[in-house]
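Below are the chains, spelled out letter by letter.
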Amino acid sequence: MNNRSKISELIGVVSHYLKEELRPELDGRHAFLALVASNLLDSLARETVSGDEAALREHARLRQLLGVDGDIDELNAELCRRINRGELNENSQDLMAHLTATTLDRLAIEQPAYEAFRRERGL
Amino acid sequence: MKAELGKQVLSALRRRGLDIDNVCGMQRLTGGAMQETWRIETTAPPPLDRLILRRAPLNSEPRLGTISLAAQASISETARSHGVPGPEVIAVLNDSDKLGDGFLMSCVDGETVPRRVLKKPGLERARAKLVGQCGRHLATLHDVPISSLPVLPRISAREKLENLHDQYRRQQRPRPVFDLAFSWLQRHVPASEPDPCLVHGDFRNGNLIVDENGIAAVLDWERAFIGDPMFDVGWLCVGSWRFGEIDLPVGGFGSLADFITAYEDAGGKFDAARTRFWEAYGILDWGVTTVDLAIEGRDTQALETAAIGRRTTETEIDLIRLMRPHE
Numbered sequence: 002m003n004n005r006s007k008i009s010e011l012i013g014v015v016s017h018y019l020k021e022e023l024r025p026e027l028d029g030r031h032a033f034l035a036l037v038a039s040n041l042l043d044s045l046a047r048e049t050v051s052g053d054e055a056a057l058r059e060h061a062r063l064r065q066l067l068g069v070d071g072d073i074d075e076l077n078a079e080l081c082r083r084i085n086r087g088e089l090n091e092n093s094q095d096l097m098a099h100l101t102a103t104t105l106d107r108l109a110i111e112q113p114a115y116e117a118f119r120r121e122r123g124l
Numbered sequence: 002m003k004a005e006l007g008k009q010v011l012s013a014l015r016r017r018g019l020d021i022d023n024v025c026g027m028q029r030l031t032g033g034a035m036q037e038t039w040r041i042e043t044t045a046p047p048p049l050d051r052l053i054l055r056r057a058p059l060n061s062e063p064r065l066g067t068i069s070l071a072a073q074a075s076i077s078e079t080a081r082s083h084g085v086p087g088p089e090v091i092a093v094l095n096d097s098d099k100l101g102d103g104f105l106m107s108c109v110d111g112e113t114v115p116r117r118v119l120k121k122p123g124l125e126r127a128r129a130k131l132v133g134q135c136g137r138h139l140a141t142l143h144d145v146p147i148s149s150l151p152v153l154p155r156i157s158a159r160e161k162l163e164n165l166h167d168q169y170r171r172q173q174r175p176r177p178v179f180d181l182a183f184s185w186l187q188r189h190v191p192a193s194e195p196d197p198c199l200v201h202g203d204f205r206n207g208n209l210i211v212d213e214n215g216i217a218a219v220l221d222w223e224r225a226f227i228g229d230p231m232f233d234v235g236w237l238c239v240g241s242w243r244f245g246e247i248d249l250p251v252g253g254f255g256s257l258a259d260f261i262t263a264y265e266d267a268g269g270k271f272d273a274a275r276t277r278f279w280e281a282y283g284i285l286d287w288g289v290t291t292v293d294l295a296i297e298g299r300d301t302q303a304l305e306t307a308a309i310g311r312r313t314t315e316t317e318i319d320l321i322r323l324m325r326p327h328e
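Going down the list, the sequences are from chains A and B. Per the working numbering, the very first residue in the first sequence carries number 2; after that it's consecutive. Per the working numbering, the very first residue in the second sequence carries number 2; after that it's consecutive.
For the record, the hints were derived by calculation from the structure and aren't laboratory data. It is possible that part of the hints are untrue.
Using 20 Å as the maximum straight-line C-alpha spacing, the simulated EDC-like pairs for lysine to aspartate or glutamate come out as follows [claimed, not checked]:
| no. | chain 1 | residue 1 | chain 2 | residue 2 |
| --- | --- | --- | --- | --- |
| 1 | B | LYS3 | B | ASP22 |
| 2 | B | LYS120 | A | ASP95 |
| 3 | B | LYS130 | B | GLU265 |
| 4 | A | LYS20 | B | GLU305 |
| 5 | B | LYS3 | A | ASP28 |
| 6 | B | LYS121 | B | ASP98 |
| 7 | B | LYS130 | B | GLU42 |
| 8 | B | LYS121 | B | ASP248 |
| 9 | B | LYS130 | B | GLU246 |
It should be emphasised that the depicted structure is a prediction, and the values quoted were computed from it without experimental measurement.
Let the hints inform the model, and build the full structure from the sequences given.
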């Protein structure tokens with residue numbers, strides 16, 4: 002965890018350089034791309050800190066929802082099969098709770114400024 | 002590459018009898034992850050002093066579900082003749098131009114960056130007009146006679162959905178929210194097909210040039226097809242195109258009620274259920290596309306394209322919110 006925090010902080014330093022120091026020196030397309038690069042690095046920094054925990058929570062929820070064991074990819078494939086067979090749909094509260102929690106965990110890493118994410122989290 | 006491109010543009014213009022001494026500036030524009038767009042300055046008097054080049058890099062086929070740039074230029078000109086604002090097409094490229102597939106058009110002044118369209122000071126009056134103009138322009142373009150257009154793919158709701166499903170299956174990356182969305186869409190395919198008409202296919206904030214009077218140009222006919230006009234309305238409401246203004250479903254700048262009034266006043270026939278179907282379809286389409294773009298961006302080392310892969314999940318939360326049963 003200590004190591005991850007350090008990696009995340011270093012990524013943050015590079016991101017800060019791109020956004021605050023390099024970008025003002027650039028024009029047009031490259032100024033825009035410096036911002037894109039900075040935002041991408043910020044999400045990778047969050048991934049480093051909380052990506053694994055989010056995956057563990059998703060895996061635990063999948064086992065609970067499906068009542069079977071397997072790795073996370075196998076269980077997601079199984080969930081897709083049950084959805085495609087019509088065994089689960091949007092009227093299943095358990096399914097919707099799982100999908101919402103998993104999606105919000107990923108958004109917290111990838112797009113925490115997305116307005117629908119903020120609404121769902123009550124921010 | 003830039004100097005060479007400038008020379009080729011100059012030759013292309015001269016070949017069409019346009020009296021231009023020199024190209025004095027070339028700038029690759031931000032945006033348009035799909036194709037190259039360049040702003041070109043020449044020594045000629047207005048309106049030839051500033052041109053836009055839109056081209057597909059050499060040797061590349063139109064992306065699946067898209068039409069050639071030559072066809073796009075032709076549709077844009079036809080729509081413009083019916084009153085849909087757009088740039089003037091100056092030249093459609095051919096093989097002897099050695100510039101690839103594409104066209105040169107006049108440069109229309111205004112803002113295209115979506116967040117600036119929604120926030121920039123000085124555009125307040127324009128923003129108030131956008132929803133009405135969207136209603137009017139969409140009604141107009143949906144009424145363009147199909148016979149006056151180049152041959153376009155005719156695609157039903159069910160075919161559109163099946164094509165997207167194939168695209169998703171080819172990715173072999175199961176995402177339960179997407180599977181649920183396909184299931185939902187299959188259960189909500191509109192019962193009746195409307196009279197087919199010209200559909201823009203990518204009518205949204207980002208493909209509109211906005212000046213102080215509102216919409217100055219409708220751009221990017223890459224995904225035009227013949228089908229259900231409500232596709233364009235649903236697409237305009239997709240959450241990713243609201244840019245944070247999620248309580249204003251129409252493009253992040255207007256209410257659906259105001260849109261309907263303008264659309265019907267201009268002769269359009271609005272349908273709420275089909276619009277909701279196409280909004281859900283639109284979110285899923287963009288979501289599946291972001292997965293392809295993430296792969297393409299990594300393959301081609303294109304940063305902007307690769308970064309779009311971090312936007313897949315936002316489409317999942319929008320799908321969940323749309324499908325979630327209301328108490």
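Comparing the hints with the structure gives:
{"no.": "1", "hint": "B:LYS3 / B:ASP22", "result": "holds, 18 Å"}
{"no.": "2", "hint": "B:LYS120 / A:ASP95", "result": "violated, 39 Å"}
{"no.": "3", "hint": "B:LYS130 / B:GLU265", "result": "holds, 16 Å"}
{"no.": "4", "hint": "A:LYS20 / B:GLU305", "result": "holds, 15 Å"}
{"no.": "5", "hint": "B:LYS3 / A:ASP28", "result": "holds, 17 Å"}
{"no.": "6", "hint": "B:LYS121 / B:ASP98", "result": "violated, 39 Å"}
{"no.": "7", "hint": "B:LYS130 / B:GLU42", "result": "violated, 31 Å"}
{"no.": "8", "hint": "B:LYS121 / B:ASP248", "result": "holds, 19 Å"}
{"no.": "9", "hint": "B:LYS130 / B:GLU246", "result": "holds, 16 Å"}
When held up to the earlier numbered hints, the structure conflicts with 2, 6, 7 and fits the remainder.
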